[in-house]
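Build out the structure end to end from the sequences listed, making use of the hints.
First to last, the protein sequences are chains C and L.
Here this note's numbering is used: the first residue of the first sequence is 62, the next is one more, and so on.
Here this note's numbering is used: the first residue of the second sequence is 62, the next is one more, and so on.
Do not take every clue at face value.
Stated by the list, open to error - Have a look at the derived ranges for each label pair, beta carbon to beta carbon:
(1) L:Phe297 x C:Lys229: 22 to 28 Å
(2) C:Ile264 x L:Gly173: 23 to 29 Å
(3) C:Ala343 x L:Glu273: 39 to 45 Å
(4) C:Asn319 x L:Asp88: 39 to 45 Å
Unchecked claim - Taking lysine-lysine pairs in the PhoX-like style, the calculated list, with each CA pair at most 25 Å apart, reads:
(5) L:Lys204 x C:Lys268
(6) C:Lys348 x C:Lys229
(7) L:Lys268 x C:Lys118
(8) C:Lys227 x C:Lys348
(9) L:Lys204 x L:Lys268
(10) L:Lys70 x L:Lys118
To be verified - Sample of chain C residues at the chain L side, in silico, Cβ under 8 Å:
(11) His338
(12) Asn340
(13) Leu342
Calculated directly from the structure, the hints in this document are not laboratory data.
For each residue, glycine too, the CB sits at the ideal point set by N, CA and C.
Protein chains: 2
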Amino acid sequence: MQARAVALKTRPEGMPTVDNFQIIDIDVPEPQDGEIQVENVCMSVDPYMRGRMYDRKSYVPPFQIGEALTGGSIGKVVKSAHPDFQPGDYVSSAWGWREAYTAAADGIERLGEIVAPPSAYIGTIGMPGMTAYVGLLDVGALKDGETVFVSGAAGAVGSIVGQIAKLKGCRVIGSAGSDDKVQLLTDELGFDHAFNYNDGSLIGHIKEGAPEGLDVYFDNVGAEHLQAAIMCMRPFGRIPLCGAIATYNDTSPRPGPNNLSMAIGLGLTLRGFIVSHFNHLAPQFRKDMEGWVTSGQITSKETVHEGIENAGEAFIGLFTGANTGKMIVNF
Amino acid sequence: MQARAVALKTRPEGMPTVDNFQIIDIDVPEPQDGEIQVENVCMSVDPYMRGRMYDRKSYVPPFQIGEALTGGSIGKVVKSAHPDFQPGDYVSSAWGWREAYTAAADGIERLGEIVAPPSAYIGTIGMPGMTAYVGLLDVGALKDGETVFVSGAAGAVGSIVGQIAKLKGCRVIGSAGSDDKVQLLTDELGFDHAFNYNDGSLIGHIKEGAPEGLDVYFDNVGAEHLQAAIMCMRPFGRIPLCGAIATYNDTSPRPGPNNLSMAIGLGLTLRGFIVSHFNHLAPQFRKDMEGWVTSGQITSKETVHEGIENAGEAFIGLFTGANTGKMIVNF
Numbered sequence: 062m063q064a065r066a067v068a069l070k071t072r073p074e075g076m077p078t079v080d081n082f083q084i085i086d087i088d089v090p091e092p093q094d095g096e097i098q099v100e101n102v103c104m105s106v107d108p109y110m111r112g113r114m115y116d117r118k119s120y121v122p123p124f125q126i127g128e129a130l131t132g133g134s135i136g137k138v139v140k141s142a143h144p145d146f147q148p149g150d151y152v153s154s155a156w157g158w159r160e161a162y163t164a165a166a167d168g169i170e171r172l173g174e175i176v177a178p179p180s181a182y183i184g185t186i187g188m189p190g191m192t193a194y195v196g197l198l199d200v201g202a203l204k205d206g207e208t209v210f211v212s213g214a215a216g217a218v219g220s221i222v223g224q225i226a227k228l229k230g231c232r233v234i235g236s237a238g239s240d241d242k243v244q245l246l247t248d249e250l251g252f253d254h255a256f257n258y259n260d261g262s263l264i265g266h267i268k269e270g271a272p273e274g275l276d277v278y279f280d281n282v283g284a285e286h287l288q289a290a291i292m293c294m295r296p297f298g299r300i301p302l303c304g305a306i307a308t309y310n311d312t313s314p315r316p317g318p319n320n321l322s323m324a325i326g327l328g329l330t331l332r333g334f335i336v337s338h339f340n341h342l343a344p345q346f347r348k349d350m351e352g353w354v355t356s357g358q359i360t361s362k363e364t365v366h367e368g369i370e371n372a373g374e375a376f377i378g379l380f381t382g383a384n385t386g387k388m389i390v391n392f
Numbered sequence: 062m063q064a065r066a067v068a069l070k071t072r073p074e075g076m077p078t079v080d081n082f083q084i085i086d087i088d089v090p091e092p093q094d095g096e097i098q099v100e101n102v103c104m105s106v107d108p109y110m111r112g113r114m115y116d117r118k119s120y121v122p123p124f125q126i127g128e129a130l131t132g133g134s135i136g137k138v139v140k141s142a143h144p145d146f147q148p149g150d151y152v153s154s155a156w157g158w159r160e161a162y163t164a165a166a167d168g169i170e171r172l173g174e175i176v177a178p179p180s181a182y183i184g185t186i187g188m189p190g191m192t193a194y195v196g197l198l199d200v201g202a203l204k205d206g207e208t209v210f211v212s213g214a215a216g217a218v219g220s221i222v223g224q225i226a227k228l229k230g231c232r233v234i235g236s237a238g239s240d241d242k243v244q245l246l247t248d249e250l251g252f253d254h255a256f257n258y259n260d261g262s263l264i265g266h267i268k269e270g271a272p273e274g275l276d277v278y279f280d281n282v283g284a285e286h287l288q289a290a291i292m293c294m295r296p297f298g299r300i301p302l303c304g305a306i307a308t309y310n311d312t313s314p315r316p317g318p319n320n321l322s323m324a325i326g327l328g329l330t331l332r333g334f335i336v337s338h339f340n341h342l343a344p345q346f347r348k349d350m351e352g353w354v355t356s357g358q359i360t361s362k363e364t365v366h367e368g369i370e371n372a373g374e375a376f377i378g379l380f381t382g383a384n385t386g387k388m389i390v391n392f
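Okay, here's the thing in structure tokens:
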């Protein structure tokens with residue numbers, strides 16, 4: 062059979078546009094021995110994908126023009142030539158940006174029993190949630206009762222960072238790009254203080270929320286956010302470097318924080334990470350997060366686009382602040 | 062009695078000049094109960110002192126115009142009103158920049174038996190040596206056999222960083238500001254590769270010395286050195302941020318590295334520190350370093366100025382590359 066998929070038509074320069082994307086038809090053959098055929102039910106768009114749209118070396122190879130993009134997706138097995146997979150099983154794979162696929166079952170995760178809607182497994186109980194979990198607890202070495210600032214706090218990762226920190230008895234400050242999101246953070250997600258980063262001084266806002274300074278700054282944004290947070294760190298503070306969405310569409314390198322040498326006297330740690338560095342923690346994460354979600358201690362927010370033809374628009378929306386929580390494309 | 066001391070006459074703007082300093086006379090009274098009177102035999106000038114010449118908050122308070130500066134010194138007790146100190150004892154104190162002083166014995170370290178010239182105890186067996194030791198082994202979490210790059214490698218800290226790394230079986234690359242220093246690094250101090258940072262591309266030099274990339278970059282310099290090293294780091298590399306001498310005379314904030322987001326995919330750790338964060342390691346350090354120095358495994362280099370009237374010039378020399386190894390002022 063055939064299925065629709067999304068490919069790059071051209072490489073974006075600066076902010077992507079819908080014209081950078083095209084719908085293509087791909088073959089979805091009968092599964093051979095060890096393979097499964099899957100129909101996707103939803104897919105993920107994530108900021109990191111922007112990096113793969115450049116033709117350059119990075120920690121993942123670049124996407125190629127005219128070839129179906131890849132990324133997180135949740136699907137249902139329709140045909141199986143692998144003994145561990147049955148039709149009807151939910152699976153999590155990197156075969157996103159396409160309505161269906163046939164692939165080797167190795168490397169595809171059978172979700173087993175799920176306790177939340179399938180889309181949660183590419184969101185709060187999936188990669189972004191695990192990014193928040195390992196970034197805050199392991200990379201950030203969060204201690205109970207500390208003060209945490211997270212940027213992009215209404216996003217898929219940030220909204221979970223803040224909620225985990227609250228579970229750990231921390232004071233939590235978040236930044237977001239609109240007043241509605243700010244209200245969500247304080248009224249629904251339990252943040253102690255939140256602010257609109259388009260409005261006023263970053264340092265002023267952070268100091269208002271954390272007069273004693275920050276123990277952890279979880280950086281999703283980079284650029285001015287990182288520089289402002291460094292100004293507000295307490296001695297021996299930790300800065301997990303998770304993303305730099307403010308810079309992903311830059312067409313030339315942007316200078317880094319001009320106050321990095323403050324890290325010397327304060328004994329600060331800045332540590333970059335990607336979630337796959339912590340795959341060994343996946344079982345522990347799933348157990349903890351499923352518990353928090355089913356008990357209502359963690360709330361999952363989603364922004365949903367319908368139909369693969371809108372996947373490009375969903376992706377672009379990550380950089381314009383169109384999403385609250387996890388951006389999902391449903392099929 | 063009275064003694065000569067050095068004070069700021071004016072605060073330096075940008076690069077300090079000898080006109081920023083003045084010789085003053087200070088009182089050195091008879092020691093009262095719990096005090097000792099000490100004649101200094103040598104004093105230390107260190108890059109960190111530049112920060113204290115600004116009138117701004119930092120991890121140490123600013124120096125005041127017209128008041129004797131402070132800093133590391135080694136002296137000999139001449140009179141004691143404290144039971145643990147006897148005339149003739151060598152002591153290490155923060156009462157540098159003066160020929161003599163009387164002060165409470167608490168907070169002054171009795172050196173006890175020494176195995177090297179007194180000046181070594183403000184150099185290789187003192188603060189700069191311990192900075193190298195804790196920065197490389199603890200902050201940098203050096204593992205045997207890794208590849209290490211140290212900037213300012215012919216300086217008091219850098220020359221010890223490189224030699225400790227060699228002791229640990231590492232491949233060691235160093236940068237310095239003159240061809241003579243480069244030759245010292247490779248011919249006398251055992252570096253595997255060294256280069257003159259005024260000559261050619263930093264990244265090119267680093268890659269020539271470390272084609273497989275760097276596990277640890279020990280940063281004494283900041284600025285372009287830090288940016289170039291980030292380009293060359295291997296996955297999970299560590300960057301102890303020890304100093305940023307290239308920026309200490311800047312009159313306005315300088316942008317940071319434009320490639321800091323590479324830390325994300327590579328899982329890099331940048332960690333600032335000052336040696337006093339690690340005071341608990343001082344006994345272990347002294348034992349190890351005295352052993353390495355007496356066995357000849359670590360070579361101490363010094364550049365010596367004679368007389369307190371030349372202390373200002375010695376200090377300025379730190380920023381013009383006048384020193385090889387530790388800059389000392391002898392009295």
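Quick check on a hinted range of 39 to 45 Å for Asn319 of chain C and Asp88 of chain L, using CB atoms only.
Taking Cβ atoms as reference, Asn319 of chain C and Asp88 of chain L lie about 43 Å apart, which means the hint holds.
Proposed proximity, Lys348 of chain C with Lys227 of chain C (alpha carbon, max 25 Å)
holds (18 Å)
Lys268 of chain L and Lys118 of chain C were given as a pair; does the straight-line alpha-carbon distance stay at or below 25 Å?
Status holds; Cα separation ~17 Å.
Grab the minimum C-beta distance from Asn340 of chain C to chain L and call the hint holds if it beats 8 Å, violated otherwise.
It is violated, given that the least Cβ distance between Asn340 of chain C and chain L is near 13 Å, above 8 Å.
CA of Lys70 of chain L to CA of Lys118 of chain L, is that 25 Å or under?
Distance ~20 Å between Lys70 of chain L and Lys118 of chain L Cα, so the pair holds.
Grab the minimum C-beta distance from Leu342 of chain C to chain L and call the hint holds if it beats 8 Å, violated otherwise.
violated (14 Å)
Using the nearest Cβ pair, does His338 of chain C come within less than 8 Å of chain L?
For His338 of chain C, the interface hint holds, since the closest Cβ of chain L sits about 5 Å away, which is under 8 Å.
Against the range 39 to 45 Å, how does the distance between the Cβ atoms of Ala343 of chain C and Glu273 of chain L compare: consistent or not?
violated (30 Å)
Could you see if the CB distance from Phe297 of chain L to Lys229 of chain C stays within 22 to 28 Å?
holds (26 Å)
Given the hinted pair Lys204 of chain L and Lys268 of chain C, is their Cα-Cα distance within 25 Å?
violated (39 Å)
Take the C-alpha atoms of Lys204 of chain L and Lys268 of chain L, compute the straight-line distance between them, and say whether it is at most 25 Å.
holds (20 Å)
Given pair status - Lys229 of chain C, Lys348 of chain C, alpha carbons within 25 Å:
Holds - the C-alpha atoms of Lys229 of chain C and Lys348 of chain C are around 17 Å apart, at most 25 Å.
When the structure is compared with the earlier hints, violations turn up for hints 2, 3, 5, 12 and 13 and for no others.
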